[in-house]
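Chains as they are written, first to last, in the numbering used here: chain A, 307 to 587; chain B, 307 to 587; chain C, 307 to 587; chain D, 307 to 587.
Heads up, a few of these hints could be off.
[Said to hold, decoys possible] With a Cα cut of at most 25 Å, we get these calculated SDA-like pairs of lysine to any residue:
| hint | chain 1 | residue 1 | chain 2 | residue 2 |
| --- | --- | --- | --- | --- |
| 1 | A | K375 | A | L339 |
| 2 | D | K450 | C | P398 |
| 3 | A | K587 | B | L349 |
Calculated from the structure, these hints are not laboratory results.
In this text, all values refer to a predicted model and were calculated from it rather than measured experimentally.
For reference, the chains in residue letters:
Protein chains: 4
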Amino acid sequence: MKRLLMLAAMVSLAAPLTAQSRLETVTIPSRLLGAEKTCMVYLPDGYDRDTVRHYPIVYLLHGASDTYKAWTERGNMRQITDEAIAAGLAVPMVIVMPDASGEGEHHTGEHMGYFDVEGWPYEQFFFEEFMPEIERRYRIVADKQHRAIAGLSMGGGGTAVYALRHPELFGSACSMSGLLDLFPGPRSYDNAFMRSVVENSPVALLRDMPDEKLEAVRTVRWWVDCGDDDILWLSNVTFYTTMRLRNVPLQYRMRDGVHSWRYWQTVLPDALSFFSIEFGK
Amino acid sequence: MKRLLMLAAMVSLAAPLTAQSRLETVTIPSRLLGAEKTCMVYLPDGYDRDTVRHYPIVYLLHGASDTYKAWTERGNMRQITDEAIAAGLAVPMVIVMPDASGEGEHHTGEHMGYFDVEGWPYEQFFFEEFMPEIERRYRIVADKQHRAIAGLSMGGGGTAVYALRHPELFGSACSMSGLLDLFPGPRSYDNAFMRSVVENSPVALLRDMPDEKLEAVRTVRWWVDCGDDDILWLSNVTFYTTMRLRNVPLQYRMRDGVHSWRYWQTVLPDALSFFSIEFGK
Amino acid sequence: MKRLLMLAAMVSLAAPLTAQSRLETVTIPSRLLGAEKTCMVYLPDGYDRDTVRHYPIVYLLHGASDTYKAWTERGNMRQITDEAIAAGLAVPMVIVMPDASGEGEHHTGEHMGYFDVEGWPYEQFFFEEFMPEIERRYRIVADKQHRAIAGLSMGGGGTAVYALRHPELFGSACSMSGLLDLFPGPRSYDNAFMRSVVENSPVALLRDMPDEKLEAVRTVRWWVDCGDDDILWLSNVTFYTTMRLRNVPLQYRMRDGVHSWRYWQTVLPDALSFFSIEFGK
Amino acid sequence: MKRLLMLAAMVSLAAPLTAQSRLETVTIPSRLLGAEKTCMVYLPDGYDRDTVRHYPIVYLLHGASDTYKAWTERGNMRQITDEAIAAGLAVPMVIVMPDASGEGEHHTGEHMGYFDVEGWPYEQFFFEEFMPEIERRYRIVADKQHRAIAGLSMGGGGTAVYALRHPELFGSACSMSGLLDLFPGPRSYDNAFMRSVVENSPVALLRDMPDEKLEAVRTVRWWVDCGDDDILWLSNVTFYTTMRLRNVPLQYRMRDGVHSWRYWQTVLPDALSFFSIEFGK
């Protein structure tokens, strides 16, 4: 009995905020990929009670060697988002975490990544099948202003490329420690994934973009964030430099840190606030 | 010539952002006070170009022994706001800085303060004459969600009292190092201003408020911020405690700092972001 | 082969800093407790190479329903400390994480806590057996200036009480979301642990401390930090208030947050810097 | 009488911390320059009471078109330093603000800058006359570990060059929005000052430095900080990149901001803490 009382005292200390947010996994069949892809969806407190209200949407991308579960299992995204909304530092939003993992124990198999590779047109799938299906299923304000994209590392690269190619779709974009150009150091680029990195370098895309296309890119609100000790520091300062030289306004931050979940958990709340200010404008 | 070139190089380093925000002083006659009161108005970049758009409004209050010029002359509010809007960390808004100064060299004369004193019904003036006139003159979205109030020290007290008494008018409120209860230490309360401090203590107002009125107070988004070395620390932790005990959600921050413009310049950007998230929801 | 190359590319992204810090578990027999207690010890990069150098020491206490493994397994203390030292934001130091867990699945059994209870004189053990043994085993600068104590929740309470009772031992103290007075809400205090909470309330200790003892308490550098939505908010603002009223200087912070590891991982780097400035003075 | 009481109430709110720090201006004759140069010296609380204690020293450099009074008159350095020391976030230190102003209304005359130009060997003066004289006059721990240098804009360039050329003198260096390479945009470099910028580019110095000299540069603790909207962003990311490529560890930060005193007032407290951790190691 005493034990129970004591336990009750303890447990209540750790009691979570009472936000009734909800995670659900959704599996979407793809004709283009000839496979099913699963994603994680965060639905904010209130989503189930008010069955009329439509919400802004954020696509939140994981990194290499990871899956659609990364942000919830290691990135603490639910607690972070619940707290930000409860504190009035973010508006209620739907957050979709797609899957770009490859096969194998480390999820690094040949289908890894956010871009089209031979026999696996992932980017095409994302825009033609995945996004439309997600936005049919959920009560979304399906316009540019209320749609944002964010991602870390390989997912930061995906974020940048998707927003550079589809500025008409995303009002805001946030790359965290993004793979925004080639990998650092000498690497072999002779497999499908590595070639896709070369072919989809955000730095190269931006540098080579015709002036008339840049105007649209400037309508995206950009937040690029990378630790000063991150292994991808060079591609990040290069991306920042290229954006400045091409006159694309952006927010750029370098804080103290390495390529780690601790860093990304620090960036996420800022990204949610940055997105929220646009969502409500 | 060389000198000129050199100067040109230097000057450009200090060149301000090109935001075309604008400050104007407005003088409003008051029948209630039998006097005119002047205020400062910040109009964001774009206000003059788009003559149809309506903006959220923030009332930004100065402290004791100061005037409507304090926030622009010593608080750096224009640069802070210009930068926050340019960075996408705040939405464009109109910011009105009223005057609650008293007479004399130190502006501490008998008409100082945001409350009604004998022969000087300032609070009545504020709500019946000042606010209506301001909101007639400017293109304002004149509803609770798009109206916020903020202030420092004596103006933090004004902010809290105005939002406690008129929760139907303000969507958000931010008190910075607010005078939220009596002055610290032994004081004489035998003059009009000091009596008005006693009669308008936010802590007392909140503590004595009937339950049925609290529900409305909970619809205001509160941000209360005070340095851990501020001379007003006690009234701030007491206000926080009273808010928590009466179940009014609030954001509360204590950072390192004293009662100083340096502190308030740190709080202002956070307040603008906090307001902006509501303005756009 | 391709797979291997790809994996190599991925793995290197997550490569940790190369700091050769080291964790070891140490078991210390206690005559007073009639039991052995195990602790975790963090030894900074360089500790093993330079066999003459002596280091400052920090005692880092876990919370209720947890063990000596909490800070390394859930608090990320090794990565945080490695990064802080590598960045020059903390000096190399030895960090000892003692164990104050109770029995049972939730470690909440009758021996939980940092204080003496009937048949389990933990506090006596800490100062008479544990600390001396630890400081014999490691190369420590064993003086007040180079010794600090920190802890979260129940360990924040332990931190405050130990530093209040032994200001001659600790140069700095940091309580994170500390249980600094009674538990919030109605509770039964009829078991040994709960009685020990009552008997060892830092707020009560401080309030009742004779003036002549306070002078020593003022020689400790205090950092008290608690989230504004923490369940222990009240005991924290009460402790802050009591410290101020008794003229004990302290750093006090309230950031946005709840009672969570995310919060404590934010406080820890600040605490390490705060300690380091004293260690080197 | 009432007025007096009221005023007393007000004034006490603004009462400064009671730190008895002191500023003094010192004029030092220079044989090399054939002129006198005046500087500002900050002496921390306690300097006059304890007449034996020796202190760490920081050289704090102003920017172009400014003088030795800039940091105290516009940079708020005294309040910032007093508060940092009082809070235990910096150790007591002597801070010397030299003068590198030129002539004329805007101080941009031909003698502006921290480098040697024809007929005005300022750098030589700094190391051969100024520093020795200052360190004779004040109670300084005159070694590398207890000596730091910091500066903004043109003074950030001076900081970087001085620490690159004299790593044996400075334990730490902090450049804020530094002019670390050429001016942005097309400029005429045909006067003495502008030529000195070209001849003393930190980026070029570092890029061309022989390997054997770099080892000494790595013994300096570097902090480089620049706003993401600063007009000097490019020379800052280039300096960061060059430091990384040449394997010189550094702290690098980009926060939100432009080339402004508001930004530098945010960097200064971090720099003082960063220096203090080294001073006491």
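Checked hints:
{"no.": "1", "hint": "A:K375 x A:L339", "in the structure": "holds (20 Å)"}
{"no.": "2", "hint": "D:K450 x C:P398", "in the structure": "holds (19 Å)"}
{"no.": "3", "hint": "A:K587 x B:L349", "in the structure": "holds (17 Å)"}
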